[in-house]
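Number of protein chains: 2
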Amino acid sequence: MNENLRIDISRLKRRLDMVNAIGALPGGGVERLSLTNEDKEVRDLLCKWFDELDLELRIDQMGNMTGTWITDSKGPPVAIGSHLDTVGSGGYFDGSLGVVAGLEVLETLKKAGVMPPKPLSIINFTNEEGVRFTPDMMGSFAFAGLGDPNELWKAKAEENHDLSLKNELENIGYLGSDICGQYPLDSYFELHIEQGPVLEREGIDIGVVEKVQGIFWTEYLLKGNANHAGTTPMSMRRDAGYVAARINTFVRDLTKQIGGVQVGTVGITNFFPNLINVVPQDVRLTVDLRNTEKNKLVEAQETLQSFVTKVAHEESINFEFSELVRFDPVDFDKNMIYSITMAANSLGYSSRTMPSGAGHDAQMMASICPTTMIFIPSKDGISHNINEFSSDADIEKGANVLLLAVTNRLGI
Amino acid sequence: MNENLRIDISRLKRRLDMVNAIGALPGGGVERLSLTNEDKEVRDLLCKWFDELDLELRIDQMGNMTGTWITDSKGPPVAIGSHLDTVGSGGYFDGSLGVVAGLEVLETLKKAGVMPPKPLSIINFTNEEGVRFTPDMMGSFAFAGLGDPNELWKAKAEENHDLSLKNELENIGYLGSDICGQYPLDSYFELHIEQGPVLEREGIDIGVVEKVQGIFWTEYLLKGNANHAGTTPMSMRRDAGYVAARINTFVRDLTKQIGGVQVGTVGITNFFPNLINVVPQDVRLTVDLRNTEKNKLVEAQETLQSFVTKVAHEESINFEFSELVRFDPVDFDKNMIYSITMAANSLGYSSRTMPSGAGHDAQMMASICPTTMIFIPSKDGISHNINEFSSDADIEKGANVLLLAVTNRLGI
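From first to last, the protein sequence lines are chains A and B. The numbering of the first sequence is the working numbering, which starts it at 1 and goes up by one. The numbering of the second sequence is the working numbering, which starts it at 1001 and goes up by one.
Isolated chain A, as found in the complex (with noise of 0.2 Å):
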């Protein structure tokens, strides 16, 4: 029967624009960041309808919620998950469908009068966005054992470091007991929009992801001189305005000779002084690099590393560097990977394997159980911007992916 079963796309749209009336902006998108007042709001109301759905609500020390639908089988739960948080001015999908789309698949089964042999959580993590407390993904980290709470409650938020993330669960009314680390899981799925434009570049309906990029944030601090540039020759400059854009045409340059899916970024490029007659003394710059293959990733950070020492020794600048972030490369289980082609195709979806370029909370669900997300097109690639969007078709062939595949690992 279960190749019979279809969401509801108005039930689940419903929902949406329920959650994302909470922290509406003027001009559309959503701001909610993680454990402010509507971060509390939209926690109430995932806490009614976990209560209307008859799901069993767990919170833990993370603040971490999950719903789950008790069934006869005492085996851990197939879960469904997401995160409700969002950065600032930002869209209308990212998280929150993930969240609802798999509140629509259990309500689904539900109404159809299933039983199924294995329990089926939802789950909403704490701060994935990473805006008002660092790290991103604490939430996720923290619930699959891989960080300690004792030590990411003293994370301060970004606008008064006064508040810890500990005072804020708190605050909220959202610090529980459960201690993270040991909610077993049967598997994990996560529904979510690409934030790249793979997918609708290509005309495909559904992205099976089979990894997770790695990423390394490296940032550099360039110190030369402050000089006159009208009376200092060319030859005595010290510039690291200079060896910053050096840095950056380098980093294009090596996502060229490493190849493949490597990806390299500057994002954050600070000048000083910056005034248009001193040749810059300071400058500090972010370089992202990302790759699905670990050895790539480091021996790109490897080549990096060699240039930024060549380029600042020949303009004789110093430089200091910090590894902000060090992500590795993560697969997702082939079953799971299988189990979404299959769903797509049974329900004549094209799709196509991929990686993903953002991290996300199913990178840290897949080591403590079987993992797999689906991405469906973004308009324009665009993602954490109020402009983001993706169609109401495009988000039920999703979430009718997902309803398959889930049904399939319930047993159902």
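List time: in silico DSS-like cross-link candidates among lysine-lysine, alpha-carbon distance up to 30 Å:
| id | chain 1 | residue 1 | chain 2 | residue 2 |
| --- | --- | --- | --- | --- |
| 1 | A | Lys294 | A | Lys256 |
| 2 | A | Lys256 | B | Lys1256 |
| 3 | A | Lys223 | B | Lys1256 |
| 4 | B | Lys1379 | A | Lys223 |
| 5 | A | Lys13 | A | Lys48 |
| 6 | B | Lys1256 | A | Lys310 |
| 7 | A | Lys310 | B | Lys1310 |
| 8 | A | Lys256 | B | Lys1310 |
| 9 | B | Lys1223 | A | Lys256 |
| 10 | B | Lys1223 | B | Lys1310 |
| 11 | A | Lys154 | A | Lys166 |
FYI, nobody ran anything at the bench for these hints, they're computed from the structure.
Using the hints, position chain B against chain A.
Frame of chain A, contents of chain B only:
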């Protein structure tokens, strides 16, 4: 007799110290932004010195102050000038040295009982630095009849756009009645620190300034797309930061290609949104190009513009540009240049001709009378900085060269 006259370095330094007690900064250096209370105070001090030396004070519409030793001659005066305003956190010598050296030369001649065949004027120009009001060199620009005071009066104070230049001239009591552009000069001398490293590096006492570099300032606004640093393939990026970096490294290559005294600087670079994991959407950057030959400067600017067009096209980004400043190179008077070289020679000081890489009031004066400048070494080439330094020995040499050249020009 004139070759036996010498300035009194102690008296000169006393005046320099008195000037720089006004606006002195706790850690050294000085801040006397144009038309502030500090500027009023230093102008009042200059009036007192003009009075003590029995000079005739004239203040023009732009607040330029001229103190003239009236002699029997009815001809136009020989002038020595510079400026008493400074940049923020400025140095001890930039501008103020030229004014107090002028006073010292005049007092030396007076004390020697000389009665020159021509009048001798000391000038303090308004707002040379252009920090609190733009453009820079505004006072000398108007003094030379190159700009209309009615327009220049409208300049707004950087810190408060409700304050105009005219308001502030009135507020500090230095809005004069003399019409600008109607005060003929026999000639103009300016003693200044080099503000660059050349004299110190070459171990030369005196720089004989034969020309002032032309300055072209251009602002570029690059407009690409803000995409996710993980999910956007390299081939689909429109990275304004990368284009900015290409322009920066091209400016360096361009200075090698043009060669000679060509310099080029990217001093300002602002990324937006300036986030570690977002491809830069917009960049504002400035390019400062300088050369003593106009045709080379024009060639450099045109080559740059072609490059920007090409690289913006390759990356599919848009750009706008504004010509912020276009100062053509200025050649100083050959006889005046020769007189400085001869004065240095006869005093036994080493000298070399050189261009000025910075703008100075002298370049405005060059349009109305024979003009030149004398440079003395700047330690480490540092200027516009509290660490600006020139030794007493170098100041004494420079002021004695000024004395001898002015004496010759006066026909004593």
